[in-house]
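J.: These are the residues of each chain, in order.
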Amino acid sequence: MGHTTAHDGGARVTRLVWYRVLVVGGAIALLEVLCLTGAIDKITMQAPHLIMRDLYRMLVSGRMNGAISKTLSNTALALVLALGVGIIIGALLHRARALRDTLDPLFATYYAVPVFAFYPFFIVVFGLGDLPQVLIAFMLGVVAVIVNTLNGLDRVPQVLLKTARIMQMSPIDTALRMTLPSAGPYLLTGAKLAVAYAFIGVIGSEFIMSRGGIGYEISFAYANFDNATMYPLIVLILLASVVINGVLSRWEQRLLVRRGMR
Amino acid sequence: MATPQVRLQGVGKVFMAGEPPAPLHAVGPVDLELKRGEFFAVVGPSGCGKSTLLELIAGLTPATDGMIEFEGRPVAGKAPEGMGVVFQDDASLPWLDVTANVAFGLRRAGISREAKDKRVRDVLSLVGLSDFATSYPAQLSGGMRQRVCIARTLVMQPRLILLDEPFGALDQQTRLLMGDELLRMWRETDATVFLITHALDEATMLADRIGVMSARPGRIVDVVETRWPRERDSRIIEHADFGAITARLWHTLREESLKTIGRSGA
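Residue numbers (this note's numbering), protein chains in the order written: chain A, 1 to 262; chain B, 1 to 266.
Take these hints with a grain of salt, some might be off.
Derived pair list, reagent style DSS-like, types lysine-lysine, alpha-carbon separation capped at 25 Å [said to hold, decoys possible]:
1) B:LYS118 <-> B:LYS78
2) A:LYS162 <-> B:LYS78
3) A:LYS162 <-> B:LYS116
Hints are computed from structural coordinates only; laboratory data are not their basis.
The following block holds chain A by itself, in its conformation from the complex (with noise of 0.2 Å):
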């Protein structure tokens, strides 16, 4: 059946993980040897051991609290709207064959158009509050969204929806039971792109012009030559998505290990 044996699986497993550490690791060793040589000087960037140092001061004086409250609330109300409406807007046009080939070209270079774009024209019109941000997120994630859902749909086997009709399954039934789990693998996809989506619209509009939140306390520390918040802000971002990440690539990989896709 093609599977390495529990024993195999597990040692290459560990091999890569110790890979992925040492290439990690080795990354941060040799920024922090540069900075502690001085080939790279403290007004640029301090030693990573001490933006560790900074992040933990930081997060204990708890100054950046309603910061970081806002820009992953922001975050997770664009996802989950992203989500919501990219499946069922997903859903709808799988049934609409001529809308869905007309929408098709559009979809397809819809990400060469610089959605951040239209954020000066969402403030005019909503003002500067949270919902021009919402909507960037929000408007990045969900064709990314549609399209996986499409994808999906279109690979639901015609033998599973055949088998429902004997069952006498009820559309409703059919499309929860059957066509969602099968088309699973693939709103997943989905779902990764639109979380990165929604943390890069999130925090790139509020780096653009905001009122709070992680991209405009980065922003406001960039033009206040603030390292000591700068940097530790960056890295609390990317461990926020690289641990988000991690959790839905592991649900992925369980997924897919059962469906003996991988």
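Since chain A is already given, all that's left is putting chain B on it; use the hints.
T.: Chain B in isolation, oriented as in the chain A frame:
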């Protein structure tokens, strides 16, 4: 005489196919009756409409002409209750384990949890998959996955089981063994079985009656009775009449197959 369980009269199916769409006469006219509890096999050349015929009976596609009745009620493009279908393609659900796969259709059955679990366990034992109850389809061989699909169909206790070349993807020896299993299940469940196969020996071995379909548009041009005892298995191959029946099938089938090849200009 008992009313037939399935009745087809003058049934035909025309598809619109091609660019620009032109009518494609796939099947018909077909007249056929299936008796309750019998094992009926259908053989025919490639592309003659065997699968279309099965889908017509199952209500997966509406007939363009004629009338189809299941247990006295018309089948009109909607799958009637009491039928089970095993397709040629693997229809096991990859996101569920074997037990959940088999129990999948029982959700709406309105029977108690314990009764459901018992039915699933019994059927798993009937198809020989008890040891794999918690495995996932991806971990099973092709033949085992087909058994999962058969179990999922049987657990709903259908009165008519339709199988579309269910063993098509398997090797010859597995096919013969699966044939034995199918006969055993047929005897234990008392269902009517309608089996499409392109293997003549399989049809002869398994069926009470065998219908031979013509080249497209498929009509039933011959029905052969085997008169085998209900208690039979693959060793029926040794029976004196086995060769004669298979020969008769091939005699008709060869003519129809040649027509099919001739038509495609080979």
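J.: Could you grab the alpha-carbon distance between LYS162 (chain A) and LYS116 (chain B) and see if it respects the 25 Å cut-off?
T.: holds, 23 Å
J.: Sort out whether LYS78 (chain B) lies within 25 Å of LYS162 (chain A), counting only the CA atoms.
T.: Holds - the C-alpha atoms of LYS78 (chain B) and LYS162 (chain A) are around 11 Å apart, at most 25 Å.
J.: Hey, LYS118 (chain B) versus LYS78 (chain B), does the alpha-carbon distance stay inside 25 Å?
T.: Distance ~30 Å between LYS118 (chain B) and LYS78 (chain B) Cα, so the pair is violated.
In summary, the structure is inconsistent with hint 1 from the numbered list given earlier, while agreeing with all the others.
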